[in-house]
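Visitor: Below, each chain spelled out in residue letters.
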Amino acid sequence: MKVSALSLCLLLTAPAAADGFRAGLHLSGGGVFPETSPAGGGGVRLGVQRGRVGFLLELGGFGGFSRDRDDAAGSRVSAIFLGGLTPTVEIDLDERAFASAGLVFGVGTWAHSTHSTDAAGTVRTESGGVVGDPFLHFLPGIDLRVGWRMGARHHFTVGFGIELLFAHGHVASATVSTDGAMRTATDVRELGFVVWPSFSLGYELKR
Amino acid sequence: MTMRVAIAAITCCLAACAVSDVGDTDSRQPEQPTSGPGGSNDAHGDWRVSSGGQGVFAWYAFEPIDPAPATAPLAIIMHGYGEYAGYDQMYELIRHTVRSGNVVIYPRWQTGLASPCLGPFDVEPCLTSARVGIYDALDFLAGDGHVHPQLDRTSYFGFSFGGIITANLANRHARWALPVPRAIFLDDLHDGALDGNGEPALDDVMDGIPATVKLTCHVGEDGILATVGVNQSCNALFPLLGHIPDANKDLVLTRTDRHGTPVLSSEHGVSAGGPGEANAYDWNFVWRTWDALRSCAYDGVDCTYDRSLGAWSDGVPILPLVIQDAAPIVP
Numbered sequence: 001m002k003v004s005a006l007s008l009c010l011l012l013t014a015p016a017a018a019d020g021f022r023a024g025l026h027l028s029g030g031g032v033f034p035e036t037s038p039a040g041g042g043g044v045r046l047g048v049q050r051g052r053v054g055f056l057l058e059l060g061g062f063g064g065f066s067r068d069r070d071d072a073a074g075s076r077v078s079a080i081f082l083g084g085l086t087p088t089v090e091i092d093l094d095e096r097a098f099a100s101a102g103l104v105f106g107v108g109t110w111a112h113s114t115h116s117t118d119a120a121g122t123v124r125t126e127s128g129g130v131v132g133d134p135f136l137h138f139l140p141g142i143d144l145r146v147g148w149r150m151g152a153r154h155h156f157t158v159g160f161g162i163e164l165l166f167a168h169g170h171v172a173s174a175t176v177s178t179d180g181a182m183r184t185a186t187d188v189r190e191l192g193f194v195v196w197p198s199f200s201l202g203y204e205l206k207r
Numbered sequence: 001m002t003m004r005v006a007i008a009a010i011t012c013c014l015a016a017c018a019v020s021d022v023g024d025t026d027s028r029q030p031e032q033p034t035s036g037p038g039g040s041n042d043a044h045g046d047w048r049v050s051s052g053g054q055g056v057f058a059w060y061a062f063e064p065i066d067p068a069p070a071t072a073p074l075a076i077i078m079h080g081y082g083e084y085a086g087y088d089q090m091y092e093l094i095r096h097t098v099r100s101g102n103v104v105i106y107p108r109w110q111t112g113l114a115s116p117c118l119g120p121f122d123v124e125p126c127l128t129s130a131r132v133g134i135y136d137a138l139d140f141l142a143g144d145g146h147v148h149p150q151l152d153r154t155s156y157f158g159f160s161f162g163g164i165i166t167a168n169l170a171n172r173h174a175r176w177a178l179p180v181p182r183a184i185f186l187d188d189l190h191d192g193a194l195d196g197n198g199e200p201a202l203d204d205v206m207d208g209i210p211a212t213v214k215l216t217c218h219v220g221e222d223g224i225l226a227t228v229g230v231n232q233s234c235n236a237l238f239p240l241l242g243h244i245p246d247a248n249k250d251l252v253l254t255r256t257d258r259h260g261t262p263v264l265s266s267e268h269g270v271s272a273g274g275p276g277e278a279n280a281y282d283w284n285f286v287w288r289t290w291d292a293l294r295s296c297a298y299d300g301v302d303c304t305y306d307r308s309l310g311a312w313s314d315g316v317p318i319l320p321l322v323i324q325d326a327a328p329i330v331p
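First to last, the sequence lines map onto chains A and B.
Numbered according to our numbering, the first sequence spans residues 1 to 207.
Numbered according to our numbering, the second sequence spans residues 1 to 331.
This is chain B alone, in the form it adopts within the complex (with noise of 0.2 Å):
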């Protein structure tokens, strides 16, 4: 991999490199499914923004309200490189989750270039970043008038670098105290590989994930293996998984299909998206699986569930997703 093209993956997480949005045809991308996971039928009408921590501690705390529960399983988001300010880079999917009744602690980790780790080079100050302000938000959230978050009932989401630094938070859960996983979603994981090919940053063993945990780990088509390699991202972290069986875990592809118009990118990033930039690929694929994986780990519901992805509006299926036990998952 050249250097070139790391930089251009550690820093431009989400959509430097976009392929062009107009597709072969007008054919539109499905719309949100009022119903099931991904669907649009949230519990929750808003949700309310808090904020604390110093620089690299820093941490945003959401909240379901409208109404407000008197407390809801936690989900702990972790954004990628790059992201120095606000929650811009996933906030279509933190707003998702918290409207279907989740709490999510977003630990702002980064602010700068290599701040407060210099890539993959030494990512522990970063994973320090994140543990403290999940620590902090936890604090905050565990004061009077706030929706209290269910530790029992917790999962991790994590893209691009952010996706290592949740692996390893995961992986080091009880060392660390940080609540148990009991689902995890996975987006293009990438250490930046300017340390070396095969994600070097991610723990050497990850046997501290949980046996028990649900995981779907995605890369896409034209993400991280297309630009770096493939033996990075999740075909680097899924040998670790052994210990996981199938049944509990997904190795996921999607593709980029240019059917319709706006183009549905495969590209680095496939999880992320700021205001109203959601799309098919989103709530059919990327807000289902995570819904259904938590449903799944805290309820036993929707284990299984239709995983197409819809149609465009001229009734052309969507490219279907890979999906595999094993590494590796080759575009």
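Here chain A stands alone, though its shape is the one from the complex (with noise of 0.2 Å):
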């Protein structure tokens, strides 16, 4: 699976050496790979302040949806939508510039297929994801992340991320000829990750 990326982003962050409360939300935007759909997504962001370490606790969640092309001879579609929460561990590196971490704890779900044709009539799908029922899954991951921040009291926020989740999910594969005579069929379980690159902007207060 690829992925593609393309965020926007606002992060909340605080003053980076004082001790005190944050409050702030970020707008996100970029790729997911393997299934190279556009996704964007946002959250809020509440947490403390101690020296140079923040410990906040982000809601958000992203979501994104691509078809190249829709006819018989071929076609990819992707889907995928995130929700949860996200412990997340900042570090000061200088007078603006910080580094995160993050343990995501995610529910939502993820889909893609795709299918080709070729020119003897043999046809190729592949499907997978965590799609199924339930609809909705338990996606952890990790998030990282690196920015700057500008201001005094109140910050705006530029930054780069990269989630990255698991989940138990499937894929189908199959290649029939026009006949049907020669065919492969697998529908199997297994772990499938998804790695969400993003830009992000954001607003942070700190009281």
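Honestly, I wouldn't trust all of these hints.
What the hints assert, rightly or not - So the derived label-pair ranges between C-beta atoms look like this:
1. A:R69 - B:A211: 25 to 33 Å
2. A:T186 - B:I323: 41 to 49 Å
3. B:T71 - A:T186: 27 to 35 Å
4. B:S51 - A:H168: 20 to 28 Å
As the list claims (entries may be wrong) - Derived list of chain B stretches under chain A, where covered just means 3 residues or more per stretch with a C-beta under 8 Å from a C-beta of chain A:
5. 52-61
6. 112-118
Honestly, the hints are just simulated from the structure, not real lab data.
Computed from a prediction, not measured in an experiment: that's the story for all the values here.
Cβ atoms here follow ideal geometry from the backbone N, Cα and C, with glycine treated the same way.
Join the two chains, each given in its own frame, into one complex according to the hints.
Guide: The structure is reproduced here in structure tokens:
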């Protein structure tokens, strides 16, 4: 599977070297791999600052959908939606730069399918993900970010992040000749993953 | 059409939006006739159920037994969206079809809401799953000890999203070496409308369906046309069937009849029903039409038959079918 990216985020961070309360929001944009869907999201963050370390809890999510083609010859469709909580520790690298790491406790779903037909009429399809019964699945993962903040009490932030999610999904694949005489078809359970690199813009207030 | 309606239509293919069962009177529905198409005079006392395949490529095969014939016509029945295991969704239809002397293949083409295909956004993986299921079940039935399907006497039945799959498979049967469809019954076919109105998951051209086929496309007064829009379902398909003579195809509408109890509902799922859930709309409309289509296609028998739906126990006739040769049919 693949990923493409382009993100928008609004991060919240607080004065780097002071203790206090932090609150903020961010908007993010990027792409999801391996399904190669553009995806956007956002979140709100609340937390405290202790010296150079921030302890934050983010409530957020992201989603994306894409479809390349839609005909009998070939197409590719993917979709992902996730919401969840991300406890995060953020460290000030200097006056402006920061880096953070969080554990994602997400609930959501993702799915993708592809199919193609070659000149001989052989059809190849693959579908997978964690969409199923139930519709929503637990999607844990990790969230890593780096960014820069601008301003004093009110901060505007820019950053880059990458979220890596895991889930036990399935992949169904089939290759079928025109007359069906030659065919393979498997549907197996396996550990799936999604990577979401993103760019973010945010705002944060510290009291 | 709103997203809410679309999601409802695609996910609760059956009874989620059921009307109250209590009608205006205590009059009872008519009993199943003992003879004729849709009747209870089954030639076989029971069925033998087999299954195979993996995940989205799974299938069920049902063979008539007691007595078991050496061969039997083939019926391919396609469930609607939302049946991820088993065959309860179309249980009563399958059982009637089998006990009246047919082998049924029931591709279990779906294991989740978007597995293997994301609804109408890309129907092809679902077509592949159904197609693999049919091939595999045919291979299984060709083995020793089974009732061998008469491939030159094959009919297709599809409900809801299964109607979309059925129509597309029938359209591509020659390209994909599937049995030639002699009769087709489509019940309130619908792709969920998440990708737009007019059933875009249907093939753009349907001239691969033989002109000689006997075809009925059914919509309910309170089904997809009412809940999603009048340009959906059979009204979207029928304009693509101009090559089929009017004599060979019908566009049929049932209406909800609340005269008696339980009410005869025309909501999405008229043909669907688990064990013990068949009602007069099954035996007096769906099964009767389905049986007659096949008899007419295979043997030239039952090409005309009584299309009244019978009467409630107090003698009041059940609201009659609306039958047209061309779309649109309007509730």
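Visitor: Each hint should be assessed against the structure and marked as holding or not.
Guide: Cross-check of the supplied hints:
Between R69 of chain A and A211 of chain B the C-beta distance comes to about 31 Å, which sits within the given range of 25 to 33 Å. A hinted range of 41 to 49 Å for the beta carbons of T186 of chain A and I323 of chain B is consistent with their spacing of about 45 Å. Remark: the range hint 27 to 35 Å for T71 of chain B to T186 of chain A is upheld by a beta-carbon distance near 32 Å. Checked against the given bound of 20 to 28 Å, the beta carbons of S51 of chain B and H168 of chain A, roughly 24 Å apart, stay inside it.
Chain A is given as covering the segment 52-61 of chain B, and this holds because 5 residues of the stretch bring a CB closer than 8 Å to a CB of that chain, at least three being needed. Residues of the segment 112-118 of chain B with a Cβ under 8 Å from some Cβ of chain A number 7, which satisfies the need for three, so the listed coverage holds.
The earlier numbered hints are all upheld by this structure, with none contradicted.
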